Amino acid sequence: MTEAVIIGVGLHPFGRFPGKPAMDMGADAVRLALADAGVTWPRIQGGYVGSFEVANPDAIVGKLGLTGVPLRGVFNGCATAGTAVALAARAIETGEHDLTIAIGLDKHPRGAFAADPSVAGIPSWYGQTGLFLTTHFFGMKINRYMHDHGISHETLARVASKNFRNAAGNEKAWRRTPLTPEEILASPVLNYPLRQYMYCGPDEGAAALVLCRADQAHKYTSTPVRVRSTSLRSRRLGAFEVQSPSFPVGEPVESPTVDAAREAYERAGIGPEDVDVAQLQDTDAGSEIIHMAENGLCKDGEQERLIAEGATEIGGRLPVNTDGGLLGNGEPIGASGLRQIHEIVLQLRGTAGPRQIPGTPRVGYTHLYGAPGVSAVTILST
Amino acid sequence: MTTTQQPVAEGLFTWPPSVSEPLRLIGSECTACGLVSFPAASDCVRCASDESKPRLLADRGTLWTYTTQNFRPPSPPYDGPETFEPYSVGYVELPGELLVEARLTEPDPEKLRIGQDMRLTLVPYAVRDDGTEVMTFAFAPVEASAEAEEPAGAEDFAQAEPVEEEAS
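Heads up: the protein sequence lines correspond to chains A and B, in order. Counting from 1, position 162 in the first sequence corresponds to residue 162 in the UniProt record's numbering; the numbering is continuous, with no gaps. Counting from 1, position 13 in the second sequence corresponds to residue 13 in the UniProt record's numbering; the numbering is continuous, with no gaps.
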């Protein structure tokens, strides 16, 4: 089977852009990715485009060129971008296309996501009585995790502080004001133990990747980034997941992140010990801590020491969310995972500027998690 | 003053609770594999059977985890009062049955503790324009001292309070 490599990346800044439609942001990201790859739109043979708010994201061809290209819309909650890149890579791996594109774009209104629970197959009373908030799950999951594994409130604050500090060195990030752990701990509690500055916010942005066959990469770039594996898994019965009015008693079942990570490592022939830089879904500071362990990057409870030692800082042993993560960038759902891959590609090329990690990183890891209990992992390498 | 009450949804808990039919959550049990579900579900997510029977769930459990809600949720879908009072939510483990997500009556996270004993109750989470209180299920911490003082068999009377309020 042919291997897919990334030859171009493009990122529209994340944040708030009044008057600018998501589609325009997406087109900008695509043009940046095409220019980075040194190819023109008419040469793209197929692609996948993801969005939550845009009903018909494949209409982006109206801004890029009506070439007849098969462009398929995809959606998998917060794992949408993981799906887009997986399918774009798959089209190359199976020989369907030689040159593909993955695009993500979104533009969310301010505030917490709101919807009728019936769209998630949940009865109306769950929303009426104030239970249908994803932030509850994140508060409850880290509260239990802190109880079981000895994680402190200070560690939550250190994670958020790191991500805002990393975002400060990223001109395309949304939240670029550094905050100290003390300032973060002084912000209001939203969902105990999580505070205002420990949560990411929905925002706007777009990202795109151009991929090609590995054996043709030399025509475009001297620094191709290999897509070593992709994996997407949904929740299993017994796992504690977002938007669950109940779940079964018994031994806890592992989250879809554990399942997706295991599968992705196996397919890649790469172990967690080989990962040089990681982008983990940090919907909140607690999620980053939990996801370090769920992705096999440490043992449960080790985060307390690792984070205190600075292991996840840009200069640390395992840098996490070097571009500021979701805390620093916000979450335009369709684009979020491609933003993660954009950062890994810069890191593996050695062109991440003030955020560049030291040494010669060879393996990068990205992870998404969201409703209704879905997780996507992509492992990349030089 | 007469206070009229109504449940937020039919078939969610016994209504109106009484001495003969005390407050319980109404779940279901798969007739093929025995999986307990809440809210009641005809389809089994373990064995894919589509046959189940109703099952009244335990009214006692232990707090598995919790959080607070310190900002007013977006409306819709939330239809609680405009004047927002923070509340808390948690998962309560009903032994041998399931873990259920619910409001908790204690809003202060410092007074909640993983593993503590909890008891099912009802709370008026909203008041309609005509004064009708809309009731939903919640769990209340069982105070160790109150538990000791409470004679066996008195629980049903304690849980019948909403009906008595309705009648007063």
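Source of the hints: derived by calculation from the structure; they are not laboratory data. None of these values were measured; they are calculated from a predicted model. The beta-carbon is built from N, C-alpha and C at its ideal position, and this holds for glycine as well. Hints may contain errors.
[Claimed, not checked] Heads up, incomplete: computed chain A residues facing chain B, CB under 7 Å, no partners named:
| hint | residue |
| --- | --- |
| 1 | L131 |
| 2 | L133 |
| 3 | G139 |
| 4 | R144 |
| 5 | L190 |
| 6 | G238 |
| 7 | P252 |
| 8 | V253 |
[Unchecked claim] Per label pair, the in silico range of CB-to-CB distance:
| hint | chain 1 | residue 1 | chain 2 | residue 2 | range |
| --- | --- | --- | --- | --- | --- |
| 9 | A | R110 | B | R46 | 35 to 41 Å |
| 10 | B | R46 | A | A308 | 37 to 43 Å |
| 11 | B | D108 | A | S234 | 32 to 38 Å |
| 12 | A | E266 | B | S20 | 29 to 35 Å |
| 13 | B | D129 | A | L66 | 21 to 27 Å |
| 14 | B | P54 | A | D116 | 23 to 29 Å |
| 15 | B | D43 | A | P354 | 29 to 35 Å |
| 16 | B | K111 | A | E154 | 18 to 24 Å |
Tested hints:
| no. | hint | result |
| --- | --- | --- |
| 1 | L131 | 6 Å, holds |
| 2 | L133 | 6 Å, holds |
| 3 | G139 | 3 Å, holds |
| 4 | R144 | 4 Å, holds |
| 5 | L190 | 5 Å, holds |
| 6 | G238 | 9 Å, violated |
| 7 | P252 | 10 Å, violated |
| 8 | V253 | 12 Å, violated |
| 9 | A:R110 - B:R46: 35 to 41 Å | 40 Å, holds |
| 10 | B:R46 - A:A308: 37 to 43 Å | 42 Å, holds |
| 11 | B:D108 - A:S234: 32 to 38 Å | 36 Å, holds |
| 12 | A:E266 - B:S20: 29 to 35 Å | 58 Å, violated |
| 13 | B:D129 - A:L66: 21 to 27 Å | 54 Å, violated |
| 14 | B:P54 - A:D116: 23 to 29 Å | 26 Å, holds |
| 15 | B:D43 - A:P354: 29 to 35 Å | 53 Å, violated |
| 16 | B:K111 - A:E154: 18 to 24 Å | 22 Å, holds |
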